[in-house]
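Assemble the complex: chain P is given as a structure, and chain G must be docked to it using the hints.
First to last, the sequence lines map onto chains P and G.
Counting in the working numbering, the first sequence tops out at residue 335, every number present.
Counting in the working numbering, the second sequence tops out at residue 640, every number present.
Be aware that a few hints might be false.
Claimed, not checked - Incomplete in silico selection of chain G near chain P, CB under 7 Å:
id, residue
1, L420
2, P473
3, L475
4, P476
5, V480
6, I571
7, A575
8, F578
9, T598
10, Q603
11, P605
12, G612
13, L620
14, L633
Unchecked claim - Chain P side only, calculated, beta carbon under 7 Å to chain G, not exhaustive:
id, residue
15, V159
16, F163
17, L291
18, A311
19, F312
20, I314
Claimed, not checked - List time: in silico EDC-like cross-link candidates among lysine to aspartate or glutamate, alpha-carbon distance up to 20 Å:
id, chain 1, residue 1, chain 2, residue 2
21, G, K456, G, E528
22, G, K527, G, D459
23, P, K69, P, E81
24, P, K69, P, D28
25, P, K283, G, D596
26, P, K283, G, D599
Since the hints were made in silico from the structure, they are not lab data.
Beta carbons are placed, not taken as given, at the ideal position from N, Cα and C, and that holds for glycine.
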Amino acid sequence: MFNYTIRRLFLAIPTLFFISLIIFLLLDLAPSDPTANLPLTIPPEVREKIRQSLGLGEPIHIRYLLWCKQFFINEPLNIMEQWFGWDIAGDRLRVLSWQTRSPVVDLIVQRTPQTLWVVGMSYVVGVLIALPIGIISAYRQYSWFDQVGTFISMIGFSVPTFFTGVLMIVVFSVWLGWFPSIYDTTHQVTDWASFWQQIRQMVMPVAVLALFNAAQISRFMRASMLDNLNQDYVRTARAKGLGERTVVLVHVLRNSLIPVVTVIALGVPQVFGGAIITEQVFKVNGLGQLLIISIQGGDLPTVQTLTFIFAFLIVLFNLIADVLYGVLDPRIRYD
Amino acid sequence: MTDIAVNSLANARPPRSQWLDFWEQFRTHRGALFGMTFFLFVLLIVFVGPYLWTLDGQYIDIRARNQGPSLAHPFGTDQLGRDTLSRLMAGGQVSLAVGITAMALSLLLGTLIGVMAGYFKRLDGLLMRLTDLFLALPLLPLLLVIIMLFRDTLRTAFGPETGIFILMVFVIGITSWMQTARIVRGDVLAIKEREFVLASRSIGTPSRRMITRHILPNVLSPIMVSATLGIANAIITESALSFLGLGFPSDFPTWGRLLFDSTDYLQQYPERVLWPGLAISLTVLSVNYVGDGLRDALDPRIRGR
Numbered sequence: 001m002f003n004y005t006i007r008r009l010f011l012a013i014p015t016l017f018f019i020s021l022i023i024f025l026l027l028d029l030a031p032s033d034p035t036a037n038l039p040l041t042i043p044p045e046v047r048e049k050i051r052q053s054l055g056l057g058e059p060i061h062i063r064y065l066l067w068c069k070q071f072f073i074n075e076p077l078n079i080m081e082q083w084f085g086w087d088i089a090g091d092r093l094r095v096l097s098w099q100t101r102s103p104v105v106d107l108i109v110q111r112t113p114q115t116l117w118v119v120g121m122s123y124v125v126g127v128l129i130a131l132p133i134g135i136i137s138a139y140r141q142y143s144w145f146d147q148v149g150t151f152i153s154m155i156g157f158s159v160p161t162f163f164t165g166v167l168m169i170v171v172f173s174v175w176l177g178w179f180p181s182i183y184d185t186t187h188q189v190t191d192w193a194s195f196w197q198q199i200r201q202m203v204m205p206v207a208v209l210a211l212f213n214a215a216q217i218s219r220f221m222r223a224s225m226l227d228n229l230n231q232d233y234v235r236t237a238r239a240k241g242l243g244e245r246t247v248v249l250v251h252v253l254r255n256s257l258i259p260v261v262t263v264i265a266l267g268v269p270q271v272f273g274g275a276i277i278t279e280q281v282f283k284v285n286g287l288g289q290l291l292i293i294s295i296q297g298g299d300l301p302t303v304q305t306l307t308f309i310f311a312f313l314i315v316l317f318n319l320i321a322d323v324l325y326g327v328l329d330p331r332i333r334y335d
Numbered sequence: 336m337t338d339i340a341v342n343s344l345a346n347a348r349p350p351r352s353q354w355l356d357f358w359e360q361f362r363t364h365r366g367a368l369f370g371m372t373f374f375l376f377v378l379l380i381v382f383v384g385p386y387l388w389t390l391d392g393q394y395i396d397i398r399a400r401n402q403g404p405s406l407a408h409p410f411g412t413d414q415l416g417r418d419t420l421s422r423l424m425a426g427g428q429v430s431l432a433v434g435i436t437a438m439a440l441s442l443l444l445g446t447l448i449g450v451m452a453g454y455f456k457r458l459d460g461l462l463m464r465l466t467d468l469f470l471a472l473p474l475l476p477l478l479l480v481i482i483m484l485f486r487d488t489l490r491t492a493f494g495p496e497t498g499i500f501i502l503m504v505f506v507i508g509i510t511s512w513m514q515t516a517r518i519v520r521g522d523v524l525a526i527k528e529r530e531f532v533l534a535s536r537s538i539g540t541p542s543r544r545m546i547t548r549h550i551l552p553n554v555l556s557p558i559m560v561s562a563t564l565g566i567a568n569a570i571i572t573e574s575a576l577s578f579l580g581l582g583f584p585s586d587f588p589t590w591g592r593l594l595f596d597s598t599d600y601l602q603q604y605p606e607r608v609l610w611p612g613l614a615i616s617l618t619v620l621s622v623n624y625v626g627d628g629l630r631d632a633l634d635p636r637i638r639g640r
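Next comes chain P alone, as it looks inside the complex (with noise of 0.2 Å):
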């Protein structure tokens, strides 16, 4: 298991870079000029030292490999010296962002203190509601909480979190006002008014993603329990004379949770997608909000490494969820 692990990390590494190669190509490909909504009156030598100094000028490999530099070895070096207080080396080059001119480092760890209390908070919401509708759902099959459960979460699925997230601002606060429509960053939890504030800003984009998270896992649980409901080993626990309890929940729920678990790590990364579209709705400044920025404003550092990120999770989780497997279940052997 532990080589698998190894492995695999290695794999991992020339994925990656392969991924930010493609990403950066796709880039650099594109026809799109950074200072071409800069006024016109400005004469061209001038122009052309601005895309220098937006390190444009190199070709494209060492750019690529620049990039490479900044954000495998100065980044990390960077944080570092940050956590530990070390002083190595002084300045280095960073990957600054085209619209802001500040290192874009800076600006995702601005930024992603909201994206995670919001996407975080509804995706463990998703996943508690989820794991006890789905096991009611497979135990009591085809009846009406079954049927209601299933009809829910096809729902739920269907409805895309841009028609949810604009249906409940409607709802709850253009004609409830129950809620803020819009979701304010820079408040600050002192007390418990200021608490109670942050709870209700953020109910309705958590229970929007939360809805949408848990009709997905939730039909992962059902189906999963099914499977192991009419196994043999449940026929074997009943006939010792186990209560019902002890046979649904210790041993039926462990062994379907199995799958679930690689479904739900496998989610993490797909859920930081999605809430691009709820960090929109709600006007949440988070990783999301900041990658629909750069895209419109042609910033391509940030969206590059933004984009990366978003890739690295999505190697990095499914690594968790295949090496959770195999750690889950003991008749997985990768050796």
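Positioned in the frame of chain P, the structure of chain G alone reads:
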């Protein structure tokens, strides 16, 4: 008299065609039947409706702006006085056309790569690594980036509407074939080992005919299931892109674009977001139900239960 004759004929030779079995099973899934009816209904409204409801969705009647539902405009009008019903129908045409074309492209790619990887051992490793690589790409960010970067080029090349249409179909198709490819490859690998394939190889059938005559018809069922899921996925992706403002231009409505435009008037006219949103949601829901029914009907383990 004729009834009896038909009945006795049916009794004498019970129809055991695979498709009839499939239809029998499909019919028992109420949600799937309802979904299919609804989807056909939407198709009918969207593609035939404009011939009956002849108001032009682009016609600006500024004096009739921001109206609620009335006889002249059953779904009201927007901020420029354009009729919402005809805009919904026009938008539906684009959304459904993008959905179906993108699905066809992704099925074509997925089936091609899946069959190639499953049938030719030499290509297997390479093609499956490619599939894994595509699965590791962050799709929504990449879609946004591709559209932002290539929108203007394609617009000048093919005109504003066709250019975006081609771009949309292309990017959605090229980023959603992976699941189909994996499923098809798995099925092809299993079918390749069957006796009838061996038999037909022994009489010297060339690979090309082997694939088209023997392999493809047998992997049709997973392809059909992914087709329905593909339509749902493509419709949602297209609306999401339009909703983020990176899809079709405003004067060329799609359901996602209509929803996006209505959110500006959320405070004053909240009912306006309802129609395009409901159209997207119900269409996707019905397609997903059809997919569910198809999967149940095509899965021999469930059949007859």
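Structure-based check of each hint:
1. The criterion of a C-beta within 7 Å of any C-beta in chain P is not met by G:L420, whose closest approach is roughly 19 Å, and the hint is violated.
2. At a threshold of 7 Å, the smallest CB-CB gap from G:P473 to chain P is about 3 Å, leaving the interface hint in force.
3. At its closest, the beta carbon of G:L475 sits 5 Å from a beta carbon of chain P; the interface hint therefore holds under the 7 Å criterion.
4. The restraint placing G:P476 at the interface with chain P holds, with a minimum CB-CB distance near 5 Å, inside the 7 Å limit.
5. Using the Cβ-Cβ criterion of 7 Å, the hint placing G:V480 at the interface with chain P is satisfied: the shortest such distance is roughly 6 Å.
6. Because the smallest distance between the Cβ of G:I571 and any Cβ of chain P comes to about 5 Å, under 7 Å, the interface hint for this residue holds.
7. Against a cut-off of 7 Å between C-beta atoms, the interface hint on G:A575 holds, since the closest Cβ of chain P lies about 6 Å away.
8. This hint holds: G:F578 has a C-beta 5 Å from the nearest C-beta of chain P, less than the 7 Å allowed.
9. At a threshold of 7 Å, the smallest CB-CB gap from G:T598 to chain P is about 6 Å, leaving the interface hint in force.
10. A least Cβ separation of about 9 Å between G:Q603 and chain P goes past the 7 Å threshold, and the interface hint is therefore violated.
11. The closest approach between the C-beta of G:P605 and any C-beta of chain P is roughly 4 Å, which is under the 7 Å cut-off, so the hint is satisfied.
12. Interface hint at G:G612: satisfied, since its Cβ lies 4 Å from the closest Cβ of chain P, which is below the 7 Å cut-off.
13. Satisfaction of the interface hint for G:L620 is found here, the shortest Cβ-Cβ separation to chain P being roughly 4 Å, below the 7 Å cut-off.
14. Given the 7 Å rule on beta carbons, the hint for G:L633 is violated: about 16 Å separates it from the nearest Cβ of chain P.
15. Among the interface hints, the one on P:V159 holds; its C-beta lies about 4 Å from the nearest C-beta in chain G, closer than the 7 Å criterion.
16. For P:F163, the shortest C-beta to C-beta distance to chain G is roughly 4 Å, which falls under 7 Å, so the interface hint holds.
17. Hint status for P:L291 relative to chain G: holds, with the closest Cβ pair at about 6 Å, below 7 Å.
18. For P:A311, the suggested interface contact is upheld, since its CB lies about 5 Å from the closest CB of chain G, less than 7 Å.
19. With its C-beta approaching chain G no nearer than about 9 Å, P:F312 sits outside the 7 Å limit, and its interface hint is violated.
20. A cut of 7 Å between beta carbons decides the hint on P:I314: the least distance to chain G is about 5 Å, and the hint holds.
21. Using a Cα cut-off of 20 Å, the hinted pair G:K456 and G:E528 holds, with the two alpha carbons roughly 13 Å apart.
22. At roughly 14 Å between alpha-carbon atoms, G:K527 and G:D459 fall within 20 Å of each other, so this suggested pair holds.
23. Straight-line distance between C-alpha atoms of P:K69 and P:E81 comes to about 17 Å, which keeps the hinted pair within the 20 Å bound.
24. With a CA separation close to 18 Å, the supplied pair P:K69 and P:D28 stays within the 20 Å bound.
25. For a cut-off of 20 Å, the pair hint linking P:K283 to G:D596 stands: about 16 Å separates their Cα positions.
26. This hinted pair checks out: P:K283 and G:D599 have alpha carbons roughly 13 Å apart, not beyond 20 Å.
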